[in-house]
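Taken in order, these protein sequences are the chains called A and B. Going by the numbering used here, the first residue of the first sequence is number 1, and it counts up by one from there. Going by the numbering used here, the first residue of the second sequence is number 1, and it counts up by one from there.
Think of the hints as simulated: they come from the structure by calculation, not from any bench. All C-beta atoms in this analysis are idealised placements derived from N, C-alpha and C, irrespective of residue type, glycine included. Worth double-checking, as some hints may not be accurate.
Claimed, not checked - To spell it out: a stretch of chain B is covered by chain A in this simulated footprint if at least three of its residues, at any positions, have a beta carbon under 8 Å from a beta carbon of chain A; those stretches are: (1) 24-30; (2) 47-56; (3) 73-85.
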Amino acid sequence: MTTNVRNIVEKLQTGIVGFDSIANGGLPKGRTTLVAGTAGSAKTVFAAQFLVRGITDFNEGGVFVTFEETPDDVRRNLLAFGWDISAFEESGKWAFVDVSPNAGDDAVITGDYDLGGLLARIEYAINKVGAKRVSVDSLGAIFGKFQQQVIVRRELLRLAMALKKIGVTSILTAERTVEYGEIARHGIEEFVADNVIILRNALEAEKRRRTMEILKFRGTDHQKGEFPFTIVGENGIVGVPLSMVKLDQKSSMTRIKTGNEQLDQMCDGGFFRDSIVLVSGATGAGKTLMSTEFLAAAQKPERCLLFAYEESRDQLIRNASGWGLNFEEMEEDGRLKILCEYPETLGLEDHLVKMKDVIEEFSPTRIAVDSLSAMERGATTKSFREFVLGLTSYIKSKEIAGLFTSVTPSLMGGTSITEAHISTITDAIVLLRYVEMFGEIGRGVAVLKMRGSAHDKQIREFNIDGEGMHIGKPFRNVTGIMSGNPVYVTQGQSERLGQMFDEDDEGSVIIGR
Amino acid sequence: MDKLLLKLYITGQTTRSETAIANLKQIFQQDLADQYELVVVDVLEKPQLAEDERILATPTLIKELPAPVRRIIGDLSDREQVLLGLDLRPHTDADSEPGDQAQ
Numbered sequence: 001m002t003t004n005v006r007n008i009v010e011k012l013q014t015g016i017v018g019f020d021s022i023a024n025g026g027l028p029k030g031r032t033t034l035v036a037g038t039a040g041s042a043k044t045v046f047a048a049q050f051l052v053r054g055i056t057d058f059n060e061g062g063v064f065v066t067f068e069e070t071p072d073d074v075r076r077n078l079l080a081f082g083w084d085i086s087a088f089e090e091s092g093k094w095a096f097v098d099v100s101p102n103a104g105d106d107a108v109i110t111g112d113y114d115l116g117g118l119l120a121r122i123e124y125a126i127n128k129v130g131a132k133r134v135s136v137d138s139l140g141a142i143f144g145k146f147q148q149q150v151i152v153r154r155e156l157l158r159l160a161m162a163l164k165k166i167g168v169t170s171i172l173t174a175e176r177t178v179e180y181g182e183i184a185r186h187g188i189e190e191f192v193a194d195n196v197i198i199l200r201n202a203l204e205a206e207k208r209r210r211t212m213e214i215l216k217f218r219g220t221d222h223q224k225g226e227f228p229f230t231i232v233g234e235n236g237i238v239g240v241p242l243s244m245v246k247l248d249q250k251s252s253m254t255r256i257k258t259g260n261e262q263l264d265q266m267c268d269g270g271f272f273r274d275s276i277v278l279v280s281g282a283t284g285a286g287k288t289l290m291s292t293e294f295l296a297a298a299q300k301p302e303r304c305l306l307f308a309y310e311e312s313r314d315q316l317i318r319n320a321s322g323w324g325l326n327f328e329e330m331e332e333d334g335r336l337k338i339l340c341e342y343p344e345t346l347g348l349e350d351h352l353v354k355m356k357d358v359i360e361e362f363s364p365t366r367i368a369v370d371s372l373s374a375m376e377r378g379a380t381t382k383s384f385r386e387f388v389l390g391l392t393s394y395i396k397s398k399e400i401a402g403l404f405t406s407v408t409p410s411l412m413g414g415t416s417i418t419e420a421h422i423s424t425i426t427d428a429i430v431l432l433r434y435v436e437m438f439g440e441i442g443r444g445v446a447v448l449k450m451r452g453s454a455h456d457k458q459i460r461e462f463n464i465d466g467e468g469m470h471i472g473k474p475f476r477n478v479t480g481i482m483s484g485n486p487v488y489v490t491q492g493q494s495e496r497l498g499q500m501f502d503e504d505d506e507g508s509v510i511i512g513r
Numbered sequence: 001m002d003k004l005l006l007k008l009y010i011t012g013q014t015t016r017s018e019t020a021i022a023n024l025k026q027i028f029q030q031d032l033a034d035q036y037e038l039v040v041v042d043v044l045e046k047p048q049l050a051e052d053e054r055i056l057a058t059p060t061l062i063k064e065l066p067a068p069v070r071r072i073i074g075d076l077s078d079r080e081q082v083l084l085g086l087d088l089r090p091h092t093d094a095d096s097e098p099g100d101q102a103q
């Protein structure tokens, strides 16, 4: 027995953001992988990006065999991502094998033939640029060129074998007609590829949602299921492997100011520096105020970022000045950045990628999202949950304090769907509630939870004036605020409640139902 | 009269390549001996030529001269198809000289 009887299938890092992690390292090295997808599912971008990243990240040459578009079209289309293919070609790193339709192509066919010419050209190109990566885009087109399916199948198999023999890692793309159904037209997957990746561009809640799925990697492991991705200028395909986010964030004991002295006290000195705080309340309960104060509390030279999905920049600045805070000045100092957008403008994956980019660029220490529940409009439950998970884990990994607001559907209380999804991810939850008492509307604030810290358990009254939020005394003799159904209890009843717990020494207990 | 310039692209010395060459020679021996020049290009040896001519399948026969350029793919086993494909049999005139048709 020799020691190298069987080598484990090695992986080749593609350099496509997010893909390598769901592929547990990359594409099986030295093998061919079929990338199948419907029209517009980004097959060509995937195939091209594989080569581009090879050149820019790993200095590995690439050959692009194009069956559908002319090299000129490919060059022009890829320039949109900032990939200068001509420059790669000049530096001898990229070679085209042009098999695109041509006017002089209509040939008479008599008798048996093979695709020896194509193979020779691909091999030639591989040698010319010392290619380690080959992309063939797309196999389906070759079936249109030749009518003899048997020959084409035989020759494609030969092509796949030849690529494997040369030792390059290659991507073959193929069309699908439906998002869920047969893998590729002409049953290509049955004879050319050990590995199959499916790109989808499915319509979900009236929006396109792109996902990638590794269907099989022969002889090696990968993550299973669909993973969302998006396409952004400059980067091409960006995978969002949300479900793979690891729970390994560091934890900080440093406290930061919440922007409200009394709230600091309620939180035992402030929020933790890398914590995610959820502020829940009905419309007008003071959520935007709390996020405004939170941002304004940043000490120089800290920077803060506000993602606003409900109000415009001008409105927010006006709001802030109404509470005695000067957002405009903070912006001029470069300490604040406000990004206003309608959630509907982009898919959630795109939002996430964009937010990450801005965070990366601006490197803030505080981030507020007002409101997170707005993002839920027009998104499926699954993609929203993945979005929140992706955002929170990213923020935490950067040790940034995040404050998200969430709108409750009813005025008096209850929880929103948003909260159900993210309450376990957040480190602290602050509730803002309307309290109706004797025909008047008051406001109550409570710290529902705060991980790793003691906090005030009382529901306190607060009011808002030209200087912001003022938190006052706890509600006495009122029960049912949390459930949105406040009931006044008499002194005697309240005392009886107090006696229900032996160790209670505060005299007054407020119990939610 | 212009001589035919034919280029035959093949992949190595395979049976299929040899069949194509033999078929071609047979066709021209019958009708057009001495009226053509044949260049055989092995794409394994000269891949750049295959690239320039955008050769996909082999064997591919290209009639370069006289214009227009014509392509025939396959082992050339169908004589009639080959002649038709090379514009050497456009009409059914019994007295036509094949070489004249290529003007």
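Against the structure, the hints:
Check on the region 24-30 of chain B: 0 of its residues sit with their Cβ under 8 Å from a Cβ of chain A, so the three-residue criterion for coverage is violated. Against chain A, the region 47-56 of chain B contributes 7 residues with a C-beta closer than 8 Å to a partner C-beta. That satisfies the three-residue criterion, and the hint holds. Proximity of the region 73-85 of chain B to chain A, defined as three or more residues with a beta carbon under 8 Å from a beta carbon of that chain, is established by the 10 residues found.
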